[in-house]
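Novice: Read top to bottom, the protein sequences are chains A and B. Under the numbering used here, the first residue of the first sequence is numbered 680, with each subsequent residue one higher. Under the numbering used here, the first residue of the second sequence is numbered 227, with each subsequent residue one higher.
Just so you know, these hints were derived from the structure itself, not from any lab. On a predicted model such as this, the values are computed, not experimentally measured, just so you know. Among these hints, one or two may not hold up.
[Claimed, not checked] Across the chosen pairs, the derived CB separations fall in these ranges:
#	chain 1	residue 1	chain 2	residue 2	range
1	B	446	A	943	52 to 58 angstroms
2	A	780	B	464	17 to 23 angstroms
3	B	480	A	924	47 to 53 angstroms
4	B	469	A	739	48 to 54 angstroms
5	A	774	B	309	48 to 54 angstroms
[To be verified] Rough simulated footprint, nothing fancy, chain A against chain B, three-plus residues with beta-carbon under 8 angstroms:
#	stretch
6	267-281
7	346-356
[To be verified] A few chain A residues that don't get close to chain B, going by computed Cβ distances all over 12 angstroms:
#	residue
8	710
9	728
10	739
11	780
12	834
13	836
14	837
15	840
16	861
17	890
18	918
19	965
20	967
21	969
22	971
Note that beta-carbon positions come from the ideal geometry of N, C-alpha and C, so glycine has one too.
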Amino acid sequence: MPSLPGVGYSEEIRSLEERLEELRERQPSTAVWKVVERARNPHRPQTLDYVEHIFSDFQELRGDRVSADDPAIIGGMGTLAGRSVMLIGQQKGHDLKERQRHNFGMARPEGYRKAQRLARLAEKFHMPVISFVDTPGAFPGADAEEGGQAGTIARTLQVFSGLTVPTLSVILGEGGSGGAVALALTDRVYMLENSIYSVITPEGCAAILWRDASEAGSAADALRITAQDLLELGVIDEIIPEPRKGAHKAHRATAKKLARALEAGLSELEELSPSERRRLRREKYLQMGQVAS
Amino acid sequence: MNKYVTVQITQKGAVPSEPAAQGKHCPACGIPLTQEVLEESLFVCPGCEHHLPLDAPGRIHALADAGSWLEVAGEVRPSDPLAFEDVRLYSERLDDAQAETGLSEAFLTGTCRINGVPAALGVMDFRFLGGSMGSVVGERFHQLVLAAIDEHRPLVVVTSSGGARMQEGILSLMQMPKTVVALDLLAEAGLPFVSVLAHPTTGGVLASFATLADVIMAEPGALLCFAGPRVIEQTTREKLPEGFGRSEANLQHGQIDMVVHRRDIKERVVEILRLLEGGVICRLEEPVREDEEVLPWGSSPFAQAFARAKELAVASRGWLLGRDT
Ligand SMILES: [Zn+2]
């Protein structure tokens with residue numbers, strides 16, 4: 680502790696500083712929580728913003744051919760560096776009206792069925808699949824449950840496991856649990872610098888394990904949800920850096936970096952044969968996890 | 227190295243510390259229940275047919291033929307990859323769960339015979355950290371699938387899980403794609419998978435391997451839900467009807483094939499496997515068409531696919547031929 684002027688107050692200051700330190704320890708590590716806040720920032724670029732900046736000739740394809748079109752997942756085709764690609768991306772919406780229309784990026788079974796349909800379409804015409812992940816989670820509603828939310832997520836994973844075309848996914852903002860990984864069983868997984876990817880929201884984890892939702896900061900630290908954490912844990916391949924002010928303040932510049940990463944990834948994957956791509960993807964996922972033995 | 231370890235399953239049902247058994251009253255109808263009655267009835271209340279939790283050893287005892295169980299991947303043990311700490315250390319929670327259950331993890335995997343039919347069997351134990359799926363559950367599932375393929379056995383898995391093992395963070399989430407990929411290998415080997423969903427099966431387990439079975443059966447009254455009623459009510463402020471997310475509702479909404487009383491599960495599983503292998507025999511008898519080898523596809527993929535299908539059919543027939551009757 681630095682020496683303090685005004686000796687008479689030093690004891691009081693010392694105790695205040697100790698109290699502050701105590702409070703700081705109970706507060707979320709600010710660095711991680713700042714990432715959580717950035718990942719959820721409503722001004723952050725979302726799927727449709729990247730469509731605008733990266734895929735100029737985008738043709739949106741809608742509907743699951745069963746019952747509905749889910750606006751929480753946007754799908755369609757566009758061109759990236761000279762080849763057609765299939766894009767499947769979650770969309771949260773920027774303002775309240777948009778967020779309500781897109782159901783805050785929380786997809787229902789029809790959304791995941793649309794993703795399956797488009798992934799199969801891409802396979803049929805040898806188009807790479809690019810998926811953008813940005814969701815707090817799959818929609819937890821009675822209709823979604825009755826429509827088979829769990830099974831539909833499982834079957835979406837199965838479709839992605841079986842693809843032989845190049846597959847790439849990017850965690851744009853919030854990668855929330857099963858609803859996120861459903862679109863991210865891919866050859867390459869990228870995270871934007873200020874995105875998070877987690878098995879449960881920090882708030883949900885705190886409520887269950889700490890029995891106190893206000894411990895979300897501690898949960899965010901413990902869960903290791905930042906891009907750097909996931910890179911270290913071997914779950915993702917690369918971090919896409921954001922402009923210094925953060926993606927929310929620089930849509931175009933972020934899109935440019937993201938497009939460059941996708942192009943590089945695609946070029947690498949296109950060197951492999953279709954069966955080799957699938958074999959390597961499956962091997963990667965079969966090795967996920969850490970056990971003592 | 228011998229990867230199989232023999233484990234004696236002598237215990238007939240839940241250990242006495244099992245909370246439902248302790249009360250000695252049916253939680254549904256309230257009639258008094260003794261340990262003997264429960265063991266005799268596979269932990270189903272004789273008064274109201276309410277299905278009480280059945281732990282993994284009890285489950286194996288109920289399904290596997292006596293003396294046929296050989297554990298697979300039992301040496302795969304939990305680690306603490308994130309050095310996770312909430313109000314307690316994850317490593318302590320693991321120690322406690324192991325001490326309380328006598329199990330090393332939430333998922334027991336092995337090979338056995340079910341009414342004479344060779345099978346690869348996995349059973350989850352809800353007592354072990356809520357049957358949550360972490361790296362060990364995923365890896366044991368993977369190795370169980372490999373054993374099934376190796377020995378041409380159908381896969382049967384009984385689930386009971388609260389979802390992902392939060393304390394393993396993203397690595398637990400990755401067990402969803404992992405188990406799904408493992409099932410692709412099983413499917414390519416032409417082997418069937420039957421899942422039995424017990425109360426409760428929720429979250430990441432329901433949203434991965436459990437719902438990818440060729441035939442899905444569930445025990446009566448089991449909660450089978452992705453998000454869980456409490457989360458749904460909190461998020462959407464919907465009032466959920468009685469029986470929401472239960473087996474019977476899932477049957478009604480087309481999500482599962484059948485609801486089966488616990489005492490009938492063994493027989494139903496075997497009957498389903500028998501019917502599925504009947505199809506395999508039929509495919510074997512299909513003649514190979516020579517003209518398919520000259521299709522204008524550079525590598526003649528049709529012919530290759532057919533030859534592969536035939537090869538797989540022959541291989542998978544092993545689980546039929548290996549049975550003693
Ligand atoms: Zn009863």
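Novice: Output the indices of the hints that this structure fails to meet, ascending.
Specialist: Hints 4, 5, 6, 7, 12, 13, 14, 15, 16, 17, 19, 20, 21 and 22 not satisfied by this model.
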